[in-house]
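Q: Residues per chain, in single letters:
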Amino acid sequence: MHSPAAVEVTDLVKAYGVKGRGQVRAVDGLSLRVEPASVTAVLGPNGAGKTTTIETCEGYRRPDSGRVRVLGLDPVREARALRPRVGVMLQGGGVPNAVRPLEVLRHAAALHAHPIAPELLVERLGLGPSLGTPYRRLSGGQQQRLALALAVIGRPELVFLDEPTAGLDPQARHATWDLVNDLRAAGVTVVLTTHLLDEAERLADMVYVIDAGRVVAAGTPAELTAKGPEEALTFDARPGLELSELLLALPEGTTAAEALPGRYRVAGPMTPQTLATVTAWCAAHGVMPEGLTVGRRTLEDVFLDVTGRELRA
Amino acid sequence: MTAVPSAATAPLTDAAAAFTPRPGAAPAHRMVLAQAAFELKMVLRNGEQLLLTLVIPALLLVVGATVDVVDVDAGTRRIDAVTPGVLALAVMSIAFTGQAIATGFERRYAVLKRLGSTPLPRWGLLAAKALAVLAVEAIQVALLGGTALLLGWHPHGSPLAVVALLAAASAAFTALALLMAGTLRAEATLAGANLVWVLLLLSGGVVVPLSDYPAGAARVFELLPLAALSEGLRAVLEHGAALPAKDLLVLLAWAAGAGALAARFFRWE
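Here the protein sequences come in this chain order: S and V.
Note that the numbering used here numbers the first sequence so that position 170 is 170, with each residue one more than the last.
Note that the numbering used here numbers the second sequence so that position 228 is 228, with each residue one more than the last.
These aren't lab readings, by the way, just hints derived from the structure by calculation.
Every value quoted in this text rests on a predicted model; they were computed, and no experiment measured them.
Hints are not guaranteed to be accurate.
Counterexamples of contact, computed for chain S against chain V with all Cβ distances above 10 Å [stated by the list, open to error]:
id, residue
1, GLY20
2, VAL99
3, THR234
4, LEU250
5, THR277
Examples of chain V residues toward chain S, derived with CB under 7 Å [claimed, not checked]:
id, residue
6, PRO21
7, ARG22
8, GLY24
9, ALA25
10, ALA28
11, ALA34
12, MET42
13, ARG45
14, GLY47
15, GLN49
16, ALA110
17, ARG114
18, THR118
19, VAL207
20, SER211
21, ALA215
Glycine included, every Cβ here is placed at the ideal spot set by N, Cα and C.
All chains, please: the whole structure from these sequences, using the hints.
A: Rendered as structure tokens:
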């Protein structure tokens, strides 16, 4: 049986007026459920409706129709009760230009009853070198990490992180991932949006893939990548290659197709023999298979399967 | 099916223990005081705000008191005529222009949006802004009043009447500031707030008392908030009036009208 959900979104619809196009549904009948003390990733390309969905959960927007419950409460009508319990990381901004990181952290701490020590967050997120710098002169990555620190400083039960690693260098991204893992280990529920597949795959217990305002696939990363052929070989080459000879040469149960123009996928049991067959065919046809990889299905493949498009980074 | 290793099974480290949920808002008074201190710090750190709220009024005070720019009635000391208007200008500079510009950019940079997700309630934010404005006004009255006293100012009247006028004016100017900042784009607020500052300065009887204006203009101007404040302060501080009821009513009417409109139309994002 289900325990009460930390977040429950049912048939959410939210439309905006767009010049020349009338009302456009940014979110169009979206449902999702977030289990307590888990990490849930809302994955999708830009413009898929991720931010609208999360901002509706944060109480910034009213649903046109459908139902949103956060910790069992209505995020608009019961905002007052929710605010101390929910941490929010916005996509950019949120801090006055002239303020230094420690000042805004201390101020945020003063609004909460049992805050995390600002110094601890400074150390965890590597903000030390930026402490003397006004907000407007911080790098984008430092501003992002400060926003993350502000979201968690009040020791919330639930945090919403909107694109927490957008624009971060690899080192800062790992610091953020470590922090998300610590939050989950401590029993905090995390909902994050991302358009990075590896981020969703590495961090999330549950992934909702959304496109055009709808959930197009949902499951644990293992479930999502287990559907369909388990393993695949992909490579890039010039578009429009004739594959019939390759198909004949491949063992039975293995397929080959041009998934996107110039992106080829061979799916089926991967053996050294399969690889040799593919490379021999490439050699015979003067094809250089760029970026050739062999492996299990990734979320990228899942996304491609359900939308027919690549995730635009 | 391929098992994906999950960090869900990771042991609770010391680092993670710090994140164990323990949510709760600080007591309301602590939140409001923290926010007010934060707002005050922002004002005092902002060079343009200091120029507008302290330096320009101080210059006007010194120039108005020492240079023969205005005819003053025989028997009236120049500093006594100039100080009330300069105090009125200083109050408008922080409560209207300063608040409008600061709040406009807070809206633009999602500062208000983020504060909306913290336990600080909206009334708490407004209370904190009001406290910060009052704190700046206290600094203004101390510095400008002190300078005026050094220049030989002899204030009259009841301090309570002055406080009543300043409080009503602060409410009116802050409401106008929030109305502007909450409905216009930040750049439009910046331009508009400065323009209004200049227009009110010219029509506000700051250096020149309204009685020196053409009679028709004076009758209109005295209904404007800066003129009401400067004339009210002049009546008390220069002429020892008890409580200038008309000026106080004008200010309260502006506060009620602009406050109602701001409450209706203010947008936080």
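Q: It remains to establish, for every hint, whether it holds in the given structure.
A: Going through the hints against the structure:
1. GLY20: holds, 22 Å
2. VAL99: The claim breaks: VAL99/S does not keep its Cβ more than 10 Å from every Cβ of chain V (closest is about 7 Å).
3. THR234: holds, 17 Å
4. LEU250: holds, 22 Å
5. THR277: holds, 24 Å
6. PRO21: holds, 4 Å
7. ARG22: The hint holds - ARG22/V has a Cβ within 7 Å of chain S, the shortest such distance being about 4 Å.
8. GLY24: holds, 3 Å
9. ALA25: Holds, because the Cβ-Cβ distance from ALA25/V to chain S comes to roughly 4 Å (cut-off 7 Å).
10. ALA28: Violated - the Cβ of ALA28/V stays beyond 7 Å from chain S, reaching only about 10 Å at its closest.
11. ALA34: holds, 4 Å
12. MET42: It holds, given that the least Cβ distance between MET42/V and chain S is near 6 Å, below 7 Å.
13. ARG45: holds, 5 Å
14. GLY47: Since chain S brings no Cβ nearer than about 10 Å to GLY47/V, farther than 7 Å, the hint is violated.
15. GLN49: Violated: closest Cβ of chain S sits about 11 Å from GLN49/V, beyond 7 Å.
16. ALA110: It holds, given that the least Cβ distance between ALA110/V and chain S is near 4 Å, below 7 Å.
17. ARG114: Interface hint status for ARG114/V: holds (3 Å vs cutoff 7 Å).
18. THR118: With Cβ-Cβ at 5 Å, under 7 Å, it holds.
19. VAL207: violated, 32 Å
20. SER211: violated, 43 Å
21. ALA215: With a minimum Cβ separation of about 46 Å from chain S (threshold 7 Å), the hint on ALA215/V is violated.
In this structure, the hints that do not hold are numbers 2, 10, 14, 15, 19, 20 and 21, in rising order.
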